[in-house]
Amino acid sequence: MSATGEPEMPLLDVQDISRSFGSTRALIGASLLIEPGEIVALMGANGAGKSTLVKILSGVQAPDSGTILLKGQPFAPQSPAEAVKLGIVTVHQSTDVVGIPGLTVADALLLHHYVDGRQRFFLSAKSVRREAAHILQEAGFHLPLDRDFADLGAADRQIVAIARALADKAELLILDEPTASLSTQEAERLYGILLGLKARGIAILYISHRTADLAALADRVVILRGGRNVGSFNRPIDFSAALETMIGRPLNTARPDRRAQFGATVVNLQGVRLLAKSKPFDLTVREGEVVAITGVLGAGKSRLLSTLFGVGQFAGGKAVLEGKPYAPKSPAEAIAAGVALVAEDRHRSALMPADWPGESVAATISLPHLKRWYPSGFLFSDAEKTRAIAAISRLGIKAAGADASVWSLSGGNQQKAVIARWEVEKSRLLLLDEPFQGVDVGARQDIVTTIRSHANRATLIATSDYEEAQEVADRILLIDQHTLIELTPTAVSADHQEEFA
Amino acid sequence: MTTVNDISKDTLHQGADSRNTASFVRETVRRGAVFILLAGLIIIFSLAQPAFININNLMSILQAVAVVAIIGAGVTVTLAIGGFDLSAGAVAASSVMASSYAMIVLGLNAYQTVPLVLAFGALVGLANAFLIVKLKVPDLLATLSMMFLLSGLQLIPTAGRSISVGLILPNGSTATGRYDPLFLTIGRSSLFGFIPFPVILLMIVGVILFVLTERTRLGRLLFAVGGNEVATRLAGANTAKIKTFAYVLSGTLAAFGGIIVAARVGRGDVSSGASLLMDSVAASLIGFAVLGLRRPNVLGTITGAVFVGILLNGLTMLNAPYYTQDFVKGFVLVGALALTYGVSRART
Chain Y
763 MSATGEPEMP
773 LLDVQDISRS
783 FGSTRALIGA
793 SLLIEPGEIV
803 ALMGANGAGK
813 STLVKILSGV
823 QAPDSGTILL
833 KGQPFAPQSP
843 AEAVKLGIVT
853 VHQSTDVVGI
863 PGLTVADALL
873 LHHYVDGRQR
883 FFLSAKSVRR
893 EAAHILQEAG
903 FHLPLDRDFA
913 DLGAADRQIV
923 AIARALADKA
933 ELLILDEPTA
943 SLSTQEAERL
953 YGILLGLKAR
963 GIAILYISHR
973 TADLAALADR
983 VVILRGGRNV
993 GSFNRPIDFS
1003 AALETMIGRP
1013 LNTARPDRRA
1023 QFGATVVNLQ
1033 GVRLLAKSKP
1043 FDLTVREGEV
1053 VAITGVLGAG
1063 KSRLLSTLFG
1073 VGQFAGGKAV
1083 LEGKPYAPKS
1093 PAEAIAAGVA
1103 LVAEDRHRSA
1113 LMPADWPGES
1123 VAATISLPHL
1133 KRWYPSGFLF
1143 SDAEKTRAIA
1153 AISRLGIKAA
1163 GADASVWSLS
1173 GGNQQKAVIA
1183 RWEVEKSRLL
1193 LLDEPFQGVD
1203 VGARQDIVTT
1213 IRSHANRATL
1223 IATSDYEEAQ
1233 EVADRILLID
1243 QHTLIELTPT
1253 AVSADHQEEF
1263 A
Chain F
45 MTTVNDISKD
55 TLHQGADSRN
65 TASFVRETVR
75 RGAVFILLAG
85 LIIIFSLAQP
95 AFININNLMS
105 ILQAVAVVAI
115 IGAGVTVTLA
125 IGGFDLSAGA
135 VAASSVMASS
145 YAMIVLGLNA
155 YQTVPLVLAF
165 GALVGLANAF
175 LIVKLKVPDL
185 LATLSMMFLL
195 SGLQLIPTAG
205 RSISVGLILP
215 NGSTATGRYD
225 PLFLTIGRSS
235 LFGFIPFPVI
245 LLMIVGVILF
255 VLTERTRLGR
265 LLFAVGGNEV
275 ATRLAGANTA
285 KIKTFAYVLS
295 GTLAAFGGII
305 VAARVGRGDV
315 SSGASLLMDS
325 VAASLIGFAV
335 LGLRRPNVLG
345 TITGAVFVGI
355 LLNGLTMLNA
365 PYYTQDFVKG
375 FVLVGALALT
385 YGVSRART
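Residue numbers (the numbering used here), protein chains in the order written: chain Y, 763 to 1263; chain F, 45 to 392.
Be careful, since some hints might not be right.
[As the list claims (entries may be wrong)] Computed footprint of chain F on chain Y, listed as stretches where at least three residues anywhere in the stretch have a Cβ under 8 Å from a Cβ of chain F:
1) 1099-1110
2) 1117-1123
3) 1129-1136
4) 1139-1146
[As the list claims (entries may be wrong)] Each computed DMTMM-like pair below joins lysine to aspartate or glutamate, with the alpha-carbon atoms no more than 25 Å apart:
5) LYS285/F x GLU1121/Y
6) LYS1133/Y x GLU258/F
7) LYS1147/Y x ASP313/F
8) LYS1147/Y x GLU258/F
9) LYS847/Y x ASP775/Y
10) LYS178/F x GLU1095/Y
11) LYS1147/Y x GLU1084/Y
12) LYS1091/Y x GLU273/F
13) LYS1133/Y x ASP1144/Y
14) LYS1091/Y x ASP1107/Y
15) LYS888/Y x ASP908/Y
16) LYS931/Y x GLU893/Y
17) LYS1188/Y x GLU1106/Y
18) LYS180/F x ASP913/Y
19) LYS1133/Y x GLU273/F
20) LYS1160/Y x ASP930/Y
21) LYS285/F x ASP930/Y
22) LYS1091/Y x ASP1117/Y
23) LYS180/F x GLU1095/Y
24) LYS833/Y x ASP908/Y
25) LYS833/Y x ASP913/Y
26) LYS1188/Y x GLU1049/Y
Hints were generated in silico from the structure; no laboratory data involved.
These numbers come from a predicted model, not from an experiment.
No residue lacks a Cβ here, since even glycine has one placed at the ideal position from N, Cα and C.
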């Protein structure tokens, strides 16, 4: 079964573990078996217990009951450092904490050594470089050692983290949504590396929702729902069955009906250039139309959307909104002109910190609309609450109420609240940047439904996931090197062709 | 005080959600800790020294903390936007000098002096905002350098002398003006013979600032800037304007505090206001613990100032030496912050 043998003893044997947080039971008798050299994917909707299981395995939390055996020995790490020492290393989703901007890649590779004293106290650039090169060579990766860590892309940072894990003699690597911020090519490079590790007998526990990842990598998919094991699929994996098991209801596989008839042109870009040196392009989005722009990371999707929202300016060309020239200098001007942006990365771009004023679901929704909803300036009425209650039921947000903290919601429901913020008031052009980031399948469908339910506005979505684009859009455009280059004829009509210069 | 009850109900409601009774009790203790301690202190001091509970003594405590609380309220607003106004104490101190200079050297009356000094405070706030918002100087550095600048500036017009009637100016002439009696009533009069005027001013400032920060659109936006500036800008708010407002408000309130000090002491003392910064910052930070909000809040700041005032007054009545005062303030601050952040750790 496993690539390197030793079938008689599993590497990791998690038996019947449970963990509660207050009255919430995060894990209920969950089990997991991983052989050496096996890639096991862990799937589950938000709140299914995935992260609790990962936290237990990486030594952040302890289970309330149950046993964990690592190579036949009881495994109960008191801290992440102890788990690492025993051979279980977790590579977290956010890779910017792997190194420090201003220090080199070599430093990032040796960071652990600096901390635990394996490195000598006095450093020379030469010895650092030599040891870092050694680590990379052991791992079989190539990275520019002298580059500033800040210049590394997400994929390279991921590789730094993995190389460090290997230097720590990891036998089980836990990867938490490693491809979430990677482009397709970068993800493929990562697959290659992971399959190489598998061939060397290293086991991988892989947490992801992306079917492309799982199809390329997973030997087995283990599915959690409500803290319990609800299914396990061996290769070849039946993904629709797996997804249905994960969300516990049949997947609505039928794509929403694409519309072919649209209203008046809402936004029209003519000969627009995103960067001074990029090629100009045209784009028209009409009322009722949902257009998705897809492309790799850094291709200019976010730049296009944020420029339309008044963050930065086009380097050339002109934009027309509703027949009038449109060149907003700030988000405020864009909003006044009827443009709304659900920006990428809701934590950074939309949410207030926990325990801070404005962290409730209602306040999250009301932030841009305070002036309209509270013309007196005093927050004495229930204006935001009533609208939030309506939004909660309209979008199917799972929340204890309008006053509940947005941080008590799962990722998908947080995203719904952020979308509700811009959907609740009329707008002419709705821009959504990666609206499905960190959103489970169930919530994704609700969001698609919400986006498609508005026929009285134009919608422009940026997503690096082509499947997502197909799921939501009437028309899909490809962006590469800051210019729109290709039209995929999903709802072909003659006038589309004119849009490309 | 209905508004106060509203808050604790809200927050307690969240607490009730947090599962079991042990954590509920812990939450209640954490949220009410400052008030419980305050009540305890008052009882202990009253038993040990019956003169403590005398209404005149209580009023003198409030009078003593009024200035610190008013300046602290301004600092709290800058904390809410995620900044910090370290120049507040220096603004207050130079406002004492400016008030005295305006009346004694320039011969202005109260109606001219008060707006002038408030405008001075607002101008300093504007300068802070310019450094922070336009030039992107980090807030601590900008206001710290402003503090230095002001504490030097206030010495220049009088060549380092304190200002009192009959001041000899650097050019050798004698100043002819005097304190406007009307100006002095700001600091020295009292309502019904026992509520000092500064206490009334504190109550007015407190109510206005509380409503502003907790119950208005602008207040929500102030906290929004402090909580997530990017999100606030993407929501269409003019964050530069909001930050500028906070620093101007803080500067103006600090100048107002300085006016009250000047009206109390009736002279422009170069060393007045030395401890105002530390005291008002301490009040704002102790305020984080009040109701366990773990964030800047005006009610907390005022409570924090009163708490320190009661403690110092009580200890003085029990013959604690004056030089222990800073230690006591520091101890309260450390305790309050440990309580706010330490006890809450168990929540997650």
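Checklist entry - Checking against the hints above, which ones are violated? => result Result: hints 7, 11, 20, 21, 22, 24 and 25 break, sorted rising.
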